[in-house]
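J.: Below, each chain spelled out in residue letters.
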Amino acid sequence: MAKKAEDKALKMRKPHKRRPLKTIPMLILLTAYQLYLFSQLTVTNIKELEINYTMLVYFVVFIAAEWLYVILMRAIAKRRNFEIELIGFFLTGIGFAAIGSAKPDGLLVQTGAFLLGLIGFIVLVWILGDNERAMKLRLPLGILAILILVANIFLGSDINGARNWIVIGNAISIQPSEFVKIIFVFVGAATLEKLQTSKNLYMFIGFSAACVGVLFILKDFGTAVIFFLTFLLIAFMRSGDVRTIALALASAALGGTLIAMFKTTVKNRLATYRHVWEPEMIDGKGFQQTRVLIGIASGGLFGLGLGKGNVRDVIFSSTDLIFGVVCEELGFITGMAILACFMLFAVYAIRNARTSRSTFYSIGATAAAGLLLFQASINIFGVTDVIPFTGVTLPFISRGGSSMISCWALLAFLKAGDARTYLTTYGEIKKK
Amino acid sequence: MKLVLYLPQIILSLVAIFIIARCFISLFSMRPAGKPKAVLINKDSGKKLAISTYETSLGRAKNCDILLASTLASRSHAVISRRKKGWFITDTDSKTGTFVNGEQTEGSVRIYHGDVITIGGVDYTFIAPHAGREDGAPPPVLNSGVSGGLVNLATNYEYAIENGRITIGRNENCDVVIEDRMVSRLHAVVQYTDEGWVVTDNDSRAGVGVNGYRIHGSEPISGGDKIMINTHIFVFKDYGETGRRDARG
Chain A
1 MAKKAEDKAL KMRKPHKRRP LKTIPMLILL TAYQLYLFSQ LTVTNIKELE
51 INYTMLVYFV VFIAAEWLYV ILMRAIAKRR NFEIELIGFF LTGIGFAAIG
101 SAKPDGLLVQ TGAFLLGLIG FIVLVWILGD NERAMKLRLP LGILAILILV
151 ANIFLGSDIN GARNWIVIGN AISIQPSEFV KIIFVFVGAA TLEKLQTSKN
201 LYMFIGFSAA CVGVLFILKD FGTAVIFFLT FLLIAFMRSG DVRTIALALA
251 SAALGGTLIA MFKTTVKNRL ATYRHVWEPE MIDGKGFQQT RVLIGIASGG
301 LFGLGLGKGN VRDVIFSSTD LIFGVVCEEL GFITGMAILA CFMLFAVYAI
351 RNARTSRSTF YSIGATAAAG LLLFQASINI FGVTDVIPFT GVTLPFISRG
401 GSSMISCWAL LAFLKAGDAR TYLTTYGEIK KK
Chain B
1 MKLVLYLPQI ILSLVAIFII ARCFISLFSM RPAGKPKAVL INKDSGKKLA
51 ISTYETSLGR AKNCDILLAS TLASRSHAVI SRRKKGWFIT DTDSKTGTFV
101 NGEQTEGSVR IYHGDVITIG GVDYTFIAPH AGREDGAPPP VLNSGVSGGL
151 VNLATNYEYA IENGRITIGR NENCDVVIED RMVSRLHAVV QYTDEGWVVT
201 DNDSRAGVGV NGYRIHGSEP ISGGDKIMIN THIFVFKDYG ETGRRDARG
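Taken in sequence, the protein lines are chains A and B.
The first sequence runs 1 to 432 under the working numbering.
The second sequence runs 1 to 249 under the working numbering.
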C-alpha cells in the first residue's frame, strides 16, 4: 500500500514534463527574434529595399558568433546546456538593437567587445574548472586589481564627472573598474571558500576597502556602491560565525566612511531626486529622468518599434538611459523581461548554491548574480527616479566595451556554479 | 489596420517572454538531486553519516552540514570535499585536530575508501567504494560478477547487473528490454564508473528520471534509487562490498 502511494507520488511529479531545453531550436527562435529586431534598423526603406550594410555586418557577426560558440562548445567541450548563454545572447541582442537605434556608431565597439567578452567567458569558465588553479590565481589577481585602480588615479581621465577612464591614444578608452569587478568576485569567492581555514579573510576585507576607497577617490560613486553591496552579499554568504560578525562590523565601518565621503555629492544627487517634474527641473537637472518616464509611458506595453522613439535623442541614451530606449521602442513588457532576467539569475544562483561543486562556485555565482542585479537595479531605478540617479550602465544592454566584457565574465561565474558545466572535467561524461 | 501594424510588436514581446521563461524553467528544473556520494560510519555506534554534497562541513556548529556530538570536536572542525582528483579532508583550524589513519592532517589531505578518520576523539570509517587508492591498498571493492540489480516495480522481476553494466532500451540486444514505443532503442545505461554507480541517459526521447527528477547526461545513483524510463520504474540495488547477489542472505 505504502509502495503504491510512493509510486503514485512519483508519478504525480511528472518528471518527463520538465524536458531540458533543446538548444538548437531555441537558438533558431532567438535568431529569428533578433533578425526581426535588426531588420527594423537595417532595412531603412522597405519599398526600395534600402539596406544599411554597415549595421548589417555588425548584426551578422553577432549572430554568427552566437552560433559558432554553441556549435564549438557542443563539439569540443561536450556541453549540452546553454540556458545561461542563451539569456546572455538575448540580453546582448536587445542591447545591440537599442544601440543601433540610439547610437549606431557605437555598434563597432560593441561588436568587438562582445566577441572579446565571449572569449573571456570561455577562458574564465575553463579557469574556474579547477579549484586549485583558481586558488593560485587569487593573490596575483588581487594585487593586479589594486594596481589597476591605483594606476587609474594617476592615468585616469575625467569623463562625465568621474575619473574612471583610461584613454589610450585618442581612439580607445577603457574603464578599468569594470575589469576590477570580475577580480573582486573572483577574489571574494576564492578567499571566502577558505573561510574556515585561513586568516586571509581579513585580506578580503582589506581588499574590499581598498577597492571601494580608490573608487571614491575616482569619484565613481555608482560603481563604489555596487562593490559595497556585493561585499555585503559575499560577507552574508557565511553566518553564525565570529568571523562573520567581524565582516559585518567591517562593512558597517566601510559604510560609515562611504557616507561621510559621499556627503557633498549626495547633496547634489538628492536635489533632483523626487523633484524631476518640478518646473525648474523638468528641462534642467531632471531632463533625462523625465524623458525616460515619458518614453516608458508612450511606448506602452509593446513599444513603438525600433527607431521610432524620442528617448534615443536624449544625451546618454545609449548608455545610462538605454532602459528608456528599450521600453519606448520595444515595450514595457520587454523592459520588465530584462529586469526579470537579473532577478532570476540571482534566485537561480541562491537555489543552486547547495548543488554546486564547491562553495567557491556558489559564492562566485551568487556574488556575480548579485552584482549584476544591483547594477541593473541602480540603473533602472535611477533613470525612473525611484532612487537618486547615478551613472551606471545596464548590464549587457548599455553601450560600453569594458562593461560588455565584464558582464560576460561575470556570467562565467554563474556558468561555473552549474554542476552540469564540468561533466567532462569530472569525468561524468567521457569525451569520445 | 492599426492592430495589424502593431501585431509584430505584440508578437515580439511575447517571443521575448517565451525565450526567457523557457530558458529559466529549464535552468531551474534541471538541478541534479543531491544524494549521498560517500558515507562516514561511526566505528563505535555504527551510525552512518551521509555525505551528499561536493563539500560537506563537519562540526558542532548548527550551520555545519554534519553535526558532531563530541564535545572534543570544534564548532567548525573539518570539511570533506569531492574534487577532480578524488576526496579530500581539510582540517579547519580545529582545536583537537583531524587524523587520518592515526596521522594528524595538515591542510588538505586526500582520503580513500576505508580510511579511518578521527574527529574529536571519535573514529569514523570513510566509505566511498569508487575512491580506492591507485596502488591498490586497500583496493576498492568491485565485483567482476553480479554487483547490483534492477528491480522492475511493476513485475518485481530483478535484472542482475553483470560486469558493472546494464543497458536498458527497446532494442532486443539490450539487457533490459522494454517494449514501449516511447522508450528509445538504447535508452539508458546503468554502470559502475570511477565515480561509483551512474545512470546515463543515452539522449533518449522520453528521458530518464531518478527519484522523480529528470536527469541530463549522467547522474550518480545509490542503492534504493528509483530510475524511471518513461512510465517504467526500476529500483536500483547496490550490493556493495558484500557483492554477490547470492551473498545477501
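Warning: the hint list may mix true and false statements.
Unchecked claim - Think about it this way: if two alpha-carbon atoms lie no more than 16 Å apart in a straight line, the pair counts; the simulated EDC-like pairs of lysine to aspartate or glutamate are:
1) A:103 <-> A:313
2) A:78 <-> B:203
3) A:285 <-> A:385
4) B:226 <-> B:123
5) B:37 <-> B:65
6) B:48 <-> B:123
7) A:219 <-> A:158
8) B:226 <-> B:238
9) B:85 <-> A:313
10) B:62 <-> B:44
11) B:48 <-> B:115
12) B:85 <-> A:130
13) B:37 <-> B:238
14) B:37 <-> B:225
15) B:84 <-> A:132
16) A:22 <-> B:203
17) B:84 <-> A:130
18) B:237 <-> B:179
Claimed, not checked - Stretch by stretch, here's where chain A covers chain B in the computed footprint (C-beta under 8 Å, at least three residues):
19) 17 to 29
20) 81 to 88
21) 207 to 217
What the hints contain is simulated information worked out from the structure, not anything from laboratory work.
The structure displayed is predicted, hence computed values, not measured ones.
Cβ coordinates follow ideal geometry from the N, Cα and C atoms, glycine included.
J.: Would you mind marking each hint as holding or not holding in the structure?
T.: Here is what the structure says about each hint:
no., hint, result
1, A:103 <-> A:313, "holds (9 Å)"
2, A:78 <-> B:203, "holds (13 Å)"
3, A:285 <-> A:385, "holds (12 Å)"
4, B:226 <-> B:123, "violated (32 Å)"
5, B:37 <-> B:65, "holds (14 Å)"
6, B:48 <-> B:123, "holds (12 Å)"
7, A:219 <-> A:158, "holds (9 Å)"
8, B:226 <-> B:238, "holds (12 Å)"
9, B:85 <-> A:313, "violated (57 Å)"
10, B:62 <-> B:44, "violated (23 Å)"
11, B:48 <-> B:115, "holds (15 Å)"
12, B:85 <-> A:130, "holds (10 Å)"
13, B:37 <-> B:238, "holds (13 Å)"
14, B:37 <-> B:225, "holds (13 Å)"
15, B:84 <-> A:132, "holds (10 Å)"
16, A:22 <-> B:203, "holds (11 Å)"
17, B:84 <-> A:130, "holds (8 Å)"
18, B:237 <-> B:179, "violated (23 Å)"
19, 17 to 29, "holds (count 12)"
20, 81 to 88, "holds (count 4)"
21, 207 to 217, "holds (count 8)"
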